[in-house]
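Protein chains: 2
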Amino acid sequence: MSYVSEKSGKDGKPSYSKGLEGVIIGESKKCFIDGERGYLAYVGIPIEQLAENSTYEEVCFLLLHDRLPTERELRDFKKLLYSYREVPSEVYSIIRSSARYGVHPMAILRLAVDYLSIFDEEAEINTDNLNYIKALRLISKLHTITASIGRVIKGLEPVHPLEDVSMSANWLWMYKGQKPSEEEERIFDIILILHAEHEINASTFSARVVVSSFTDIYSAVVAAIGSLKGPLHGGANEDVMNMLSEIKDPSNVEQYVRSKLSRKEKIPGFGHRVYKNYDPRAAILKSIAEKLAEKNSRVKHWLEIGKRIEKFMIENMGQKGIYPNVDFFSGIVMSYLGIEPRMFTPIFATGRIVGWLAHILEQLKDNRIFRPRIIYTGPEEINYVPIDQRS
Amino acid sequence: MSYVSEKSGKDGKPSYSKGLEGVIIGESKKCFIDGERGYLAYVGIPIEQLAENSTYEEVCFLLLHDRLPTERELRDFKKLLYSYREVPSEVYSIIRSSARYGVHPMAILRLAVDYLSIFDEEAEINTDNLNYIKALRLISKLHTITASIGRVIKGLEPVHPLEDVSMSANWLWMYKGQKPSEEEERIFDIILILHAEHEINASTFSARVVVSSFTDIYSAVVAAIGSLKGPLHGGANEDVMNMLSEIKDPSNVEQYVRSKLSRKEKIPGFGHRVYKNYDPRAAILKSIAEKLAEKNSRVKHWLEIGKRIEKFMIENMGQKGIYPNVDFFSGIVMSYLGIEPRMFTPIFATGRIVGWLAHILEQLKDNRIFRPRIIYTGPEEINYVPIDQRS
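Residue numbers (my numbering), protein chains in the order written: chain A, 108 to 498; chain B, 108 to 498.
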């Protein structure tokens, strides 16, 4: 065998890291996570500062350009971004026709973005400049697609985008059919910022692997959506909210969690491959939920259950490095905005689209096709046996 | 930083293998490649023996079950497989409507398979038994989809599948609208066998990474198609045929290749990440082409050009481990069957669908989500600067 390997495992096979845990796949300027101290920064700027001071548009610029924009750059960037919001009528049609089959909104999203590529005459032209423009188009249009899916699965007609409001105000407008309050716009903006980027998670890795054959960027985003859809990735935020509903009352928490743990089931919204400490995004979402709880009794109720789960989990699992992750409090905050749980993962995608594209463009600029190896554990060299001689 | 790394690179950064070359991502019973001696076996059986004695159906069984079938098993397997060939009328419609935009057949294929998932009520149910049945359905239906794309892009109507002929005979029937000769059926079968599986190439790796979030198997296949579409992966076979057409006459070979190499351009169909010797699949295809050249003047012409390129390349690049790969002679053989170059990559997918699915099912049976790391090379920790204070 000719595998490159540092050391051999116990049975003489080369050793490897399952799920590529801890394995480095390249270099990136986008994101730094220190899992031990629960630290996250986009292009050097701590997530807390971005959530406090920035906007989703500015974070998009930051992730695509590896620096913050000047006033003029931000103005031009927004203008371009906002101008790309509308999608072909065929895309609305396929959302409607696939929603009829009752499939998950993430499957509709994957399909709608896949279809969108057909209408981009430049889809297959992989130059840096064009891909940058295609990325802006895709960010804007994906927002329109997720909001439209949110309406269509409720039996409503899509609401077309506005051209002169922020990404967040526009999304809430398209989803709800009415302009959001300033508070709602700001909360949604923070949700998008917190979900915008997270290094080489499974969906971003999927996007990088796919695009490394120098295929088009739509193929890579479609793969990322398909990956995020999985319950081990983006699906967890929906599961958290379902768990809170199931628990119903704070007094049921300990029994519920204990019995789930005794069945070796995972508690959704807890634990992370990289964070072995409190996920800083969870801390930000928790503090937003706490403020909202002061004036909203439903948020107060969900948060009481949530915090009791959190306390129990940290007391019992904290020493194993299991803490709340971004999915744990995000559902409570999104519910406050009137968003239903099956839309939580599409909203994750609505924020993350820029992170995927930032990594895709970075990959293409210094590309090598991903082509690893796998240890063969099947039968040794054998001969083909004619079918009438097989036992 | 908390990366796991065996050694540090020269600038103190942890070292890594670009494109994950030589990095092991897990274990598999499907395929063994020894790149040094140019050896390939599916589940222990050398590719030469399979090409000589087996059928595509049997190879599908072999890859899905890790052993050859008995007569009875093969009969039942074929019956099931053949019964799944038809696709919903909506899938034909989306092929027609997207072909109108003149996009690449691989983009249509990605979209059509994406759409197909909407009609599978069990798409999201990830049990071993159901996924096996979904895999059989997907193999059969992908054949129907690629053949239909082949017709629709020529302005013809799709021809519906037959239920009582082999996978190869059925594909040629659907593509050409007439039943193939025994020779044509056998040649096409060998093409499918040779493309059925090839360890952790970029598209199979894409499929494994995507499905590792425990998403549905369609999402993983859609990602694989998107990856195969890229010119660094499946697109090469089409490029070879275009190169042969461009060269026109065997006497132009040396000048053409020399000038391409002097511009540091790659010669399509040569070189492989794993093979540093003759790709055994290329050897099989070459011998088929040689037999066909005896009776067919067009094949003779292409082969003369091809063999002259091969001679020049091995003499000049062989010491660097650059030899013909599977893409080099496959186009000549497919052209003999009346298949046009833009269909070569979809035919690659038509064979490979079983390899993708075999790996997807294997991944799901012993899954861990792929979540590697990347070295952060952006700015150190910095503070957010208000926009009016930026320079």
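Be careful, since some hints might not be right.
Any copy, or any two copies together, can satisfy a pair, since identical chains are not distinguished.
[Unchecked claim] The calculated EDC-like cross-link candidates involving lysine to aspartate or glutamate, where the alpha carbons are at most 20 Å apart (straight line), are:
#: 1; residue 1: LYS414; residue 2: GLU159
#: 2; residue 1: LYS367; residue 2: GLU197
#: 3; residue 1: LYS186; residue 2: GLU270
#: 4; residue 1: LYS427; residue 2: ASP141
#: 5; residue 1: LYS402; residue 2: GLU193
#: 6; residue 1: LYS125; residue 2: GLU469
#: 7; residue 1: LYS185; residue 2: ASP356
#: 8; residue 1: LYS125; residue 2: GLU487
#: 9; residue 1: LYS120; residue 2: ASP473
#: 10; residue 1: LYS120; residue 2: GLU264
#: 11; residue 1: LYS472; residue 2: GLU155
#: 12; residue 1: LYS472; residue 2: ASP235
#: 13; residue 1: LYS373; residue 2: GLU180
#: 14; residue 1: LYS407; residue 2: ASP183
#: 15; residue 1: LYS186; residue 2: ASP356
#: 16; residue 1: LYS373; residue 2: GLU361
#: 17; residue 1: LYS373; residue 2: ASP473
#: 18; residue 1: LYS407; residue 2: GLU143
#: 19; residue 1: LYS393; residue 2: GLU411
#: 20; residue 1: LYS427; residue 2: GLU270
#: 21; residue 1: LYS120; residue 2: GLU488
#: 22; residue 1: LYS427; residue 2: ASP173
#: 23; residue 1: LYS120; residue 2: ASP141
#: 24; residue 1: LYS136; residue 2: GLU487
No wet-lab data here; the hints were simulated from the structure.
Results for each hint:
Taking CA atoms no more than 20 Å apart as the test, LYS414 paired with GLU159 passes in neither setting, with 23 Å inside one copy and 65 Å between copies. Proximity of LYS367 and GLU197 under a CA criterion of 20 Å is satisfied in neither setting, with 45 Å inside one chain copy and 43 Å between copies. Only within a single protomer do LYS186 and GLU270 lie at most 20 Å apart by alpha-carbon distance; the minimum there is 9 Å, versus 56 Å between protomers. Taking the closest pair of Cα atoms, LYS427 and ASP141 come within 20 Å of each other only inside a single copy of the chain (17 Å); across copies the shortest separation is 42 Å, beyond that limit.
In the homo-oligomer, the alpha carbons of LYS402 and GLU193 never lie at most 20 Å apart, since the shortest distance is 36 Å inside one protomer and 57 Å across protomers. In this homomeric assembly, LYS125 and GLU469 come within 20 Å of each other (Cα to Cα) only across copies, at 14 Å, whereas the closest approach inside a single copy is 26 Å. When the C-alpha separation of LYS185 and ASP356 is checked against a cutoff of 20 Å, the pair qualifies neither within a copy, at 44 Å, nor between copies, at 54 Å. In this assembly of identical chains, LYS125 and GLU487 lie within 20 Å of each other by CA distance neither inside one copy nor across copies; the values are 24 Å within and 30 Å between.
Taking CA atoms no more than 20 Å apart as the test, LYS120 paired with ASP473 passes between copies only; the shortest distance there is 18 Å, against 33 Å inside one copy. For a Cα distance limit of 20 Å, the shortest separation of LYS120 from GLU264 qualifies neither inside one copy, at 57 Å, nor across copies, at 53 Å. Taking the shortest Cα distances, LYS472 and GLU155 never come within 20 Å of each other, neither inside one copy (30 Å) nor across copies (39 Å). Taking the shortest alpha-carbon separations for LYS472 and ASP235, only the intra-copy value of 7 Å comes in at or below 20 Å, while the best inter-copy value is 39 Å.
For the homomeric pair LYS373 and GLU180, neither the shortest alpha-carbon distance inside one copy (45 Å) nor that between copies (39 Å) is at most 20 Å. Taking CA atoms no more than 20 Å apart as the test, LYS407 paired with ASP183 passes in neither setting, with 41 Å inside one copy and 59 Å between copies. Taking the closest pair of Cα atoms, LYS186 and ASP356 never come within 20 Å of each other, the shortest separation being 47 Å inside a single copy and 54 Å across copies. Only within a single protomer do LYS373 and GLU361 lie at most 20 Å apart by alpha-carbon distance; the minimum there is 14 Å, versus 63 Å between protomers.
In the homo-oligomer, the alpha carbons of LYS373 and ASP473 lie at most 20 Å apart only across protomers (17 Å), although the nearest pairing inside one protomer, at 38 Å, exceeds that limit. In the homo-oligomer, the alpha carbons of LYS407 and GLU143 never lie at most 20 Å apart, since the shortest distance is 31 Å inside one protomer and 65 Å across protomers. Taking CA atoms no more than 20 Å apart as the test, LYS393 paired with GLU411 passes inside one copy only; the shortest distance there is 11 Å, against 71 Å between copies. Within a single copy, LYS427 and GLU270 get their C-alpha atoms no closer than 48 Å, and across copies no closer than 56 Å, so neither meets the 20 Å cut-off.
Taking CA atoms no more than 20 Å apart as the test, LYS120 paired with GLU488 passes inside one copy only; the shortest distance there is 17 Å, against 41 Å between copies. For the homomeric pair LYS427 and ASP173, neither the shortest alpha-carbon distance inside one copy (35 Å) nor that between copies (38 Å) is at most 20 Å. With identical chains, the CA atoms of LYS120 and ASP141 are at most 20 Å apart between copies only, with a shortest distance of 16 Å across copies and 32 Å within one. For the identical chains of this complex, LYS136 and GLU487 are inter-copy neighbours only, at 10 Å across copies versus 44 Å inside a copy, given an alpha-carbon limit of 20 Å.
Of the hints listed earlier, those the structure fails to meet are numbers 1, 2, 5, 7, 8, 10, 11, 13, 14, 15, 18, 20, 22, in rising order.
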